[in-house]
Amino acid sequence: DRWLATPIQIWQVYLHSLQRVDVSCVTGQRTRLSLVLRGTQTVRRVQAFTSHPQELK
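Numbering (UniProt numbering), first residue to last: 1 to 57.
The set of hints was computed from the structure by calculation and includes no laboratory data.
Note that beta-carbon positions come from the ideal geometry of N, C-alpha and C, so glycine has one too.
Among the hints, erroneous ones may be present.
Unchecked claim - Quick list of the computed label-pair ranges, beta carbon to beta carbon:
no., residue 1, residue 2, range
1, Val21, Gln54, 21 to 29 Å
2, Thr42, Val13, 20 to 28 Å
3, Leu4, Gln54, 24 to 32 Å
4, Tyr14, Gln54, 25 to 33 Å
5, Arg44, Gln12, 16 to 24 Å
6, Gln54, Gln19, 22 to 30 Å
Take the sequences, apply the hints, and build the full model.
This is the structure we're talking about:
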């Protein structure tokens, strides 16, 4: 451009649609949950997170 400007930063933004599903269990138990999401027929990997990480220590 005419001002010889150069970008200082280039950002990449990724958008993820999230759906919240509450699952409860006692610490030490394993809980399996099947979740059907409407949309495509592809199999998707999901991650689970605790709402209180300090309780897992």
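Status of the given 22 to 30 Å range, CB of Gln19 versus CB of Gln54
holds, 25 Å
If I claimed the Cβ atoms of Thr42 and Val13 lie 20 to 28 Å apart, would that claim hold in this structure?
Given about 23 Å between the Cβ atoms, the range holds.
Is the gap between the beta carbons of Arg44 and Gln12 within 16 to 24 Å?
holds, 22 Å
Between Tyr14 and Gln54, does the beta-carbon spacing fit 25 to 33 Å?
At 28 Å between Cβs, range holds.
Given the hint of 24 to 32 Å, check if Leu4 and Gln54 actually sit that far apart at their C-beta atoms.
violated, 52 Å
Pairwise beta carbon distance, Val21 to Gln54, judged against the given window 21 to 29 Å:
holds, 22 Å
Comparing the model with each earlier hint shows a violation of hint 3 alone; every other hint is respected.
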